[in-house]
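On the provided structure of chain Z, position chain G as indicated by the hints.
In order, the protein sequences belong to chains Z and G.
No gaps in the numbering here: position 23 of the first sequence is 23 in our numbering, and each next residue is one more.
Add 1000 to the 1-based position in the second sequence for our numbering, that's all there is to it.
Hints are all accurate, no fakes.
The following label-pair restraints were derived from C-beta to C-beta distances:
id, chain 1, residue 1, chain 2, residue 2, range
1, G, L1097, Z, P84, 48 to 58 Å
2, Z, A212, G, A1045, 40 to 50 Å
3, Z, A212, G, A1178, 30 to 40 Å
4, G, D1251, Z, D172, 42 to 52 Å
5, G, A1243, Z, K109, 27 to 37 Å
6, Z, S46, G, P1074, 36 to 46 Å
7, G, P1074, Z, V68, 24 to 34 Å
8, G, R1244, Z, P98, 24 to 34 Å
On the chain G side, residues computed to face chain Z include the following (Cβ under 8 Å):
id, residue
9, A1037
10, L1151
11, L1153
12, L1158
Bear in mind the hints are in silico, worked out from the structure with no lab data behind them.
For each residue, glycine too, the CB sits at the ideal point set by N, CA and C.
Protein chains: 2
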Amino acid sequence: MSPIAEPRPGRLFLVPTPLDFGVTAGAEHGDLQDTLALGVIRRAASLTHWIAENAKSARAFLKRVDAVVPLALPLQALAILELPRPAKGARAGAAPLPDALLAPAVEGKDIGLVCEAGLAAIADPGAAVVQAAHRLGIEVVPLPGASSLLLALAASGLNGQSFAFVGYLPIDEAARAARIRELEALSRRAAQAQLMIETPYRNMALLSALLAHLQPSTRLAVGCGLTLPAGWNRSDSVAAWRARPTPLPADVPAVFALQAG
Amino acid sequence: MSPIAEPRPGRLFLVPTPLDFGVTAGAEHGDLQDTLALGVIRRAASLTHWIAENAKSARAFLKRVDAVVPLALPLQALAILELPRPAKGARAGAAPLPDALLAPAVEGKDIGLVCEAGLAAIADPGAAVVQAAHRLGIEVVPLPGASSLLLALAASGLNGQSFAFVGYLPIDEAARAARIRELEALSRRAAQAQLMIETPYRNMALLSALLAHLQPSTRLAVGCGLTLPAGWNRSDSVAAWRARPTPLPADVPAVFALQAG
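Excised from the complex, chain Z in its bound form (with noise of 0.2 Å):
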């Protein structure tokens, strides 16, 4: 037996963020509180270590965790590292994870994975990150909050009992409207609701794909801001939705849900 301990690696949480950023300016963000559990804020501000998607909106809102719980350093003290940005047009995530990120976790220290809205690793780079943790030993620590798929998917009154979420659908109009047809043929097989989402810019032509290929007696919802003060969700059958559309914001993301009526 060596008389030095080994040093006990650090964990490493997944700290979930509201789900309002890149959404409203500064002044305009709602309270932490509205959508954090107080033992999240007060073990986000615990943490003087992070990986983040982004190290500018990482502040952001570290500065608002510190409006709550003090932080345990000064926000310029802390160590941000950012995740490797995917080269354009490869899959997010593709990017080699250089060790310096976990480093301080084998050193001992518990370090933060925040990504933009929502829950680290889910929707987002982050997952590259958490096998990493796994492979070296570092405990990962999911913190409860909530994500915006699930939110949405609660809110349709679609099948909560068996769902998949799919990600992005392909921009080229053709491969777009065969991957609608393909997915409402799995949701009609599986009786399985078929979740996407889309660049907020995109929320409309998403929208207009879906209610040109999708059948008339399909149900399509959209969740769009959820748990901002102007977020709304509608859950109607396609054939609804024609008669009477609903205007997607080009600046507020969207989650949009399909089941085979």
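Structure of chain G alone, referenced to chain Z:
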């Protein structure tokens, strides 16, 4: 124009609950503010009409809410209606929904919908209530909260950009083995993580079946009692699970996720 204004319909709030329901005895419950946002607790405290999967556990939840923010009415004065229980062997949610459930909202009262743990209308029979609300023109407001499904997925490092939740697997041994192989093939074809749950006392039986029928290179993750003090998660290849098995408790909910390697 009528001189008597139509009552403005109430809203249906989907109220998340902590993930420790039915796991620990009353005195051992964690602080509600470890998992729920103060804004959500405030909203829950303000509601006088409820729909619950189980009235007894809804009351236990509201007692914990009251300890943080005083309830608008004494607990005994709240109207708590239970969802109809499905006939034995019938699909959950298959029982017809009594009109009485949403009558208070039609008459202008806000209603809260709670399930046993986590998000209402996800992996539980609440979706039928949400569908009925949309039909009746009642606004549905999903409040932010955690789902054990997405916490387990985030902690797994599996594909958070494409995943499916498939509920329970068949209990019959041959049907279960076939379903496991089908999910593994699906996960390989679509690079899609597949999530499932099991009644806690069958946790070990499901784990054994997964280890018996999956390929050695497939990744298998288990999130057990996430957000609880004794919660843990493991994400490893099937080969590594076989070499070093982890026993699962028979009284704590677990979420299982697999992805072909």
